[in-house]
Amino acid sequence: DPAISKGNNCLDAAKACNLNDTCKKLRSAYITPCTSSVSNEVCNKRKCHKALRQFFDKVPPKHSYGMLFCSCRDVACTERRRQTIVPVCSYEDREKPNCLNLQDTCKTNYICRSRLADFIANCQPETQSISSCLKENYADCLLAYSGLIGTVMTPNYLNYNSLSVAPWCDCSNSGNDLEECLKFLNFFQDNICLKNAIQAFGNGTDVNVW
Amino acid sequence: KGRRGQRGKSRDCVLTEMHLNVTDLGLGYSTKEELIFRYCSGSCETSGTLYDQILNNLTQNRKLVSDKIRPQPCCRPIAYDDDVSFLDDDLSTYHVLRKHSAKKCGCV
Numbered sequence: 411d412p413a414i415s416k417g418n419n420c421l422d423a424a425k426a427c428n429l430n431d432t433c434k435k436l437r438s439a440y441i442t443p444c445t446s447s448v449s450n451e452v453c454n455k456r457k458c459h460k461a462l463r464q465f466f467d468k469v470p471p472k473h474s475y476g477m478l479f480c481s482c483r484d485v486a487c488t489e490r491r492r493q494t495i496v497p498v499c500s501y502e503d504r505e506k507p508n509c510l511n512l513q514d515t516c517k518t519n520y521i522c523r524s525r526l527a528d529f530i531a532n533c534q535p536e537t538q539s540i541s542s543c544l545k546e547n548y549a550d551c552l553l554a555y556s557g558l559i560g561t562v563m564t565p566n567y568l569n570y571n572s573l574s575v576a577p578w579c580d581c582s583n584s585g586n587d588l589e590e591c592l593k594f595l596n597f598f599q600d601n602i603c604l605k606n607a608i609q610a611f612g613n614g615t616d617v618n619v620w
Numbered sequence: 347k348g349r350r351g352q353r354g355k356s357r358d359c360v361l362t363e364m365h366l367n368v369t370d371l372g373l374g375y376s377t378k379e380e381l382i383f384r385y386c387s388g389s390c391e392t393s394g395t396l397y398d399q400i401l402n403n404l405t406q407n408r409k410l411v412s413d414k415i416r417p418q419p420c421c422r423p424i425a426y427d428d429d430v431s432f433l434d435d436d437l438s439t440y441h442v443l444r445k446h447s448a449k450k451c452g453c454v
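If you're matching them up, the sequences are chains A and B in order.
Under my numbering, the letters of the first sequence match residues 411 to 620, in that order.
Under my numbering, the letters of the second sequence match residues 347 to 454, in that order.
The following block holds chain B by itself, in its conformation from the complex (with noise of 0.2 Å):
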């Protein structure tokens, strides 16, 4: 399991983008405008502290057993893109949505 065919390491933690229409969201709003979703992917296995690496070494040698533990970083947002505004199908609501979409990934 998990071991990489090649040398070359899995992609590491990126920024992605997608064109979606606001009710691809599923939040429930009603409106034809659309955004630009932004969200974190890749793997986090190059990068950690020396609390990853220790955990990453406990878990190894068996002296740390749990599955409530990640030894590894996550690829998170660590900044969120600006507001997004749009109006609703009611052509008099206006809805904005704050911290929707991420700006900067990182391995958190």
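One chain only, chain A, in its complex shape (with noise of 0.2 Å):
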């Protein structure tokens, strides 16, 4: 299969990552908690998360989000995107709880609750301007997303073709708050501003920021 001999982006990222001291020991540093089982379970989810946040908070974003927001041409390289996180400890759950459920869990933790609230004032489009972004500023739309990961609101790309991303929840049994809790989905799943923020950032457009 030439999609997947072929190298890409987050292959160039990831590579980058290891021959970097810092990005090297921290990455190591969620993976190993975010692939130990314990117990019958996948793994240690609170320490996993608490691994990402830190990794997040502590490298560089030329090497974190290189790995995170890396622009793909091929299954193998959306699919290694995907993987970053380690989404079958971090962010995939048994069940998917309703989104307006999960946004009351997250603001009941300090750290999420004020993460969720620079992502959706970071990453709020708007239509009327040049970015699609009201703040029009990609970095911070960035920073913003980037932080949910480690909390409860831990997003993730949605399938390999698109950039869409969506933190593990739907919309089902909302009862009379479907309308509301559509809208906070479609904040992630359908964010214009964020798209372009991603799309930026792997196509080095928007370099200035950095």
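To be clear, the hints were calculated from the coordinates, so they are not data collected in a lab.
Keep in mind that this is a model prediction, so the values were computed, not measured.
Beta carbons: idealized from backbone N, C-alpha and C, even for Gly.
Careful, some of the hints might be misleading.
[As the list claims (entries may be wrong)] Lysine to aspartate or glutamate pairs mimicking DMTMM-like chemistry, simulated, CA-CA at most 20 Å apart:
#1 A/435 with B/379
#2 B/449 with A/431
#3 A/457 with B/429
#4 A/435 with B/429
#5 B/445 with A/431
#6 A/425 with B/363
#7 A/472 with B/379
#8 A/468 with B/428
#9 A/425 with B/429
#10 A/425 with B/436
#11 A/425 with B/379
#12 A/468 with B/429
#13 A/460 with B/428
#14 A/435 with B/363
#15 B/450 with A/431
#16 A/545 with A/528
#17 A/457 with B/428
#18 A/435 with B/428
#19 A/435 with B/434
#20 A/425 with B/428
#21 A/460 with B/429
[Unchecked claim] Simulated DEER-style distance windows between Cβ atoms:
#22 A/422 with B/438: 12 to 22 Å
#23 A/432 with B/372: 25 to 35 Å
#24 B/388 with A/503: 46 to 56 Å
#25 B/436 with A/588: 32 to 42 Å
#26 B/445 with A/484: 31 to 41 Å
#27 B/404 with A/426: 44 to 54 Å
#28 A/503 with B/370: 33 to 43 Å
#29 A/432 with B/395: 35 to 45 Å
#30 A/485 with B/392: 48 to 58 Å
#31 A/570 with B/392: 51 to 61 Å
#32 A/570 with B/371: 26 to 36 Å
#33 B/394 with A/446: 36 to 46 Å
#34 A/503 with B/395: 51 to 61 Å
#35 A/531 with B/363: 39 to 49 Å
[To be verified] One side of the interface only, derived from the structure: several residues of chain B facing chain A at Cβ under 7 Å:
#36 379
#37 380
#38 381
#39 428
#40 429
These two chains come separately, so use the hints to put the complex back together.
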């Protein structure tokens, strides 16, 4: 399969990470808890989340964003990008909660509450603006998005042919709150500001911001 | 044998690094990722404990004859580098290598 044998941006970012002492160390520091099974569980999710937060807090964006927001042309690349956060541990769960319930859970935690507020403020779409962002600042939007990784709101790519992302939740059983739930979920899934910010980083078209 | 041409000593035990593909390590992993491998090399002639000096003397005056004795210390890692991790070519399995690379060398 030529699509798999060829190199890609996400692979290049992983290589660059392992050649940098800080990135290499903090990458292994989350891979280890995120892939170690404990007493019938896939992993210790709490430890995995904590190590992921440290990775995104301490590793320079050049490396951490390089792996998370790399631009892709084939499945080998997009699948590697989706695997960056070790979704089987940090993302997926046995049950998918309702997004509004998940939001309530998030709000009971100081870190999650503040990071979700940052995300909603900094990735607010605005169709009238050139960047498609109300704040016109891609770096702040990506920082806020990556800040959610390691909280109960941990988002990830949904499939390998788009930049659509979402936390592990859906809007079934929303009752009267269906509209509000969809609005919340679509802020992740269908957010032109966030998509443009990811694309700009991947293409290196917004270089002066970093 | 082993007589050094100049008065200068052969290079002392130091840490050296090389940039490799993970597959170069020969551990059987299939991945396209890369890493820095650090190893210890150099001589340990100038260092050593009194123990080493005595062993040397005993060997030289033939009070001790055995090919299983090493009268000089070896240049070996005394601390290991941080773990390194990589994603397998199956794009779903991660591997972590521990104590795979030297961080500090010593004559031990």
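Evaluated hints:
no. : hint                         : result
1   : A/435 with B/379             : holds, 15 Å
2   : B/449 with A/431             : holds, 11 Å
3   : A/457 with B/429             : holds, 17 Å
4   : A/435 with B/429             : holds, 6 Å
5   : B/445 with A/431             : holds, 15 Å
6   : A/425 with B/363             : holds, 16 Å
7   : A/472 with B/379             : holds, 18 Å
8   : A/468 with B/428             : holds, 16 Å
9   : A/425 with B/429             : holds, 15 Å
10  : A/425 with B/436             : holds, 17 Å
11  : A/425 with B/379             : holds, 6 Å
12  : A/468 with B/429             : holds, 17 Å
13  : A/460 with B/428             : holds, 19 Å
14  : A/435 with B/363             : holds, 17 Å
15  : B/450 with A/431             : holds, 15 Å
16  : A/545 with A/528             : holds, 12 Å
17  : A/457 with B/428             : holds, 19 Å
18  : A/435 with B/428             : holds, 6 Å
19  : A/435 with B/434             : holds, 18 Å
20  : A/425 with B/428             : holds, 16 Å
21  : A/460 with B/429             : holds, 18 Å
22  : A/422 with B/438: 12 to 22 Å : holds, 20 Å
23  : A/432 with B/372: 25 to 35 Å : holds, 28 Å
24  : B/388 with A/503: 46 to 56 Å : holds, 52 Å
25  : B/436 with A/588: 32 to 42 Å : holds, 39 Å
26  : B/445 with A/484: 31 to 41 Å : holds, 35 Å
27  : B/404 with A/426: 44 to 54 Å : holds, 53 Å
28  : A/503 with B/370: 33 to 43 Å : holds, 38 Å
29  : A/432 with B/395: 35 to 45 Å : holds, 36 Å
30  : A/485 with B/392: 48 to 58 Å : holds, 57 Å
31  : A/570 with B/392: 51 to 61 Å : holds, 58 Å
32  : A/570 with B/371: 26 to 36 Å : holds, 30 Å
33  : B/394 with A/446: 36 to 46 Å : holds, 42 Å
34  : A/503 with B/395: 51 to 61 Å : holds, 57 Å
35  : A/531 with B/363: 39 to 49 Å : holds, 44 Å
36  : 379                          : holds, 6 Å
37  : 380                          : holds, 5 Å
38  : 381                          : holds, 5 Å
39  : 428                          : holds, 4 Å
40  : 429                          : holds, 4 Å
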